[in-house]
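K.L.:
Quick note, the sequences are listed as chains W and V, same order.
Everything in the first sequence is counted per this note's numbering, starting at 1 for the first residue and increasing by one.
Everything in the second sequence is counted per this note's numbering, starting at 1 for the first residue and increasing by one.
Certain hints may be false.
Here are the in silico distance ranges between beta carbons for each label pair [stated by the list, open to error]:
#: 1; chain 1: V; residue 1: F126; chain 2: W; residue 2: R233; range: 38 to 46 Å
#: 2; chain 1: V; residue 1: P210; chain 2: W; residue 2: G75; range: 48 to 56 Å
#: 3; chain 1: V; residue 1: E187; chain 2: W; residue 2: L298; range: 33 to 41 Å
Far from chain W by the CB rule (all over 10 Å, computed), these chain V residues [stated by the list, open to error]:
#: 4; residue: D82
#: 5; residue: V123
#: 6; residue: A129
No lab work stands behind these hints, which were simulated from the structure alone.
Quick caveat: nothing in here was measured; it's all calculated off a predicted structure.
We put the CB at the ideal spot given by N, CA and C, even for glycine.
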Amino acid sequence: MLSFLARRLLQLVPTLFFVSVIIFSLQQLLPGDPALVMAGEERDPEVIEQIRKQYRLDQPLPVQYVYWVKGVLSGDLGESMRIKVKVRDLVAEKFPVTLQLAVMAMVIALSIGITAGVLAAVLRDSVWDYAANVFALWGRSTPTFWLGIMLIFLFSVELGWLPASGYVRPSEDFWGSIASTIMPAFVLGNVGAAVLMRHTRGAMLDALQSDYVRTARAKGLFERTVVLKHAMRNALTPVITLGALELGELLSGAVLTEQIFSIPGFGKLIVDSVFNRDYAVVQGVVLVTATVYIALNLIADIAYVVVNPRLRS
Amino acid sequence: MADAVVSAALLDDAIASAESPARRALRRLVRRKGAMLGLAVIALFVAVAIFAPLVAMQDPTAQSWTSVRKPPSALHLLGTDDVGRDILARIIFGARASLLAGVISVAIALAIGVPLGLMAGYVGGFLDAVIGRLTDAMLAIPFLILAVALAAFLGPSLHNAMVAIGITTTPIFVRLTRGQVMAVKAEDYVEAARAVGNPPWRVVLVHILPNILPPLMVQASLSIAAAIIAEAALSFLGLGQQPPEPSWGSMLNAAQRFLGSAPWMAVWPGLAIFLTVLSFNLLGDGLRDAFDPRER
């Protein structure tokens, strides 16, 4: 197990190196002189010179990269040009909001995805199976931002049950916080539920046709015991891994969801920074998101080995 | 009677074994109602996009202050938007941006991803390791976040959005192609092609590439669906098609502000995205089943 962990961690080094190169290179895509673009409306040569010095744009690219990586490794992700706040502090402020949203979305995705997947497999070729497959196709094909807008129309504009936008911290008002995040969490979890449903159904169908399930049935066990204790326990192993990866995907989906529901999280931060030409913040958010995603991948791999005795040896 | 059934089954088998794999896949695809429905809807949208100036009865950019946010009527079948533009005309012309973005960004991803995957899979060694790690790194950045970042740094436009989505989709094709090459290169026919002295480029292009096309086609179809959503998302955020040119994503963005007074502004463009993406997904699923040997 330890050697697996060491090998897996070692594999991360080149991946993280390339991630850092990609994110650093984003700045090179800016058309023309990056200092001029970063300065925006400001045309004072002194300010432009200061930007050039601050971001070491007057130095060769490899030197710029080394300084940038040094800063990142010491926890310095740069500073927001617009509001003069450290990117690290901005990330620390916004991340818990997105995390709350992502965790709620994950709970919704797992509840719907696994339940529908198991039902579809157990009742194969029935109306339930057909409905679950239609749901999966619908989940994959519905743009999250359209679903969000339609839910706002229904539950906020027409019925007036839920707030259309805004965010309340759980520490301020717990139920208010749930009310402000339940719609975006559902929108975010919808795609994950569709993905998890398809995989759960496939894994359950394989498990239900396996020899050990046939043996369990032959012993005269109740069908509920066969499904829940024998088939489901084995079928859900790969779904755990997928769940961890889906949590990473939710960070991506948060870009749109937070924008629609005006939730001041990570996703809104990156979009606002794009329009404020706050490129240091964009780079910082992309870097943190990629690191979280890589960490979730690692946790998923470890979890898979931990729950699968055959891989442990 | 039983003999007749057996004979018919044997005849079917004989026909199946005599036809080429492509023809067999096409026969299976035609039998899938979902895939055919998807193909029909895609064909309809493509025709509408090509003949947009003939199909649309109104100018998609013409504003009219006397018909602001009018509900669907005989004059404006799907209603009008916040500056009085005809929504049907904008959806018809918006199909161009969405379909073009879907096809071109996947073409970019195929043009970069397939050669890199072929090289990584066939040459192996250090080149494979470098391409593999670079692919891992790109896949480590969530799709939309990378697309938003790329579009932001490249500058907001439909052209740059297509480039951003294309680059972001590339690693999927690198990984898929590499995996397929690894599986195929040990086959006897590839060994034979090498043994008779074919140069590596010929082995790869003439003997390996045609045999790995089916999974690439399936992935391309599913990736077009994802690219259409991504383009709409970028336009929704203001990073894709720029006003006043119509795009389904930017129409939804404008619709957000008028949900109470003009919900039709949000319904139709969203439905257009949904139907197009659904159709590509249905076609992709159908292609996957048609190419799957287990489906015989």
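K.L.:
Each hint needs a verdict: does it hold in this structure or not?
P.N.:
Each hint tested on the structure:
About 43 Å separates the C-beta atoms of V:F126 and W:R233, a value consistent with the hinted range of 38 to 46 Å. Our hint of 48 to 56 Å for V:P210 and W:G75 holds, since their Cβ atoms are close to 52 Å apart. Separation of V:E187 from W:L298 is about 35 Å and conforms to the stated range, judged on CB atoms against 33 to 41 Å. At the 10 Å boundary, the C-beta of V:D82 stays outside the reach of chain W, the nearest C-beta of that chain being 15 Å off.
For V:V123, the non-interface assignment is confirmed: its Cβ lies about 18 Å from the closest Cβ of chain W, beyond the 10 Å cut-off. With a closest Cβ-Cβ approach of about 8 Å to chain W, V:A129 is found to fall inside the 10 Å limit, against its non-interface label.
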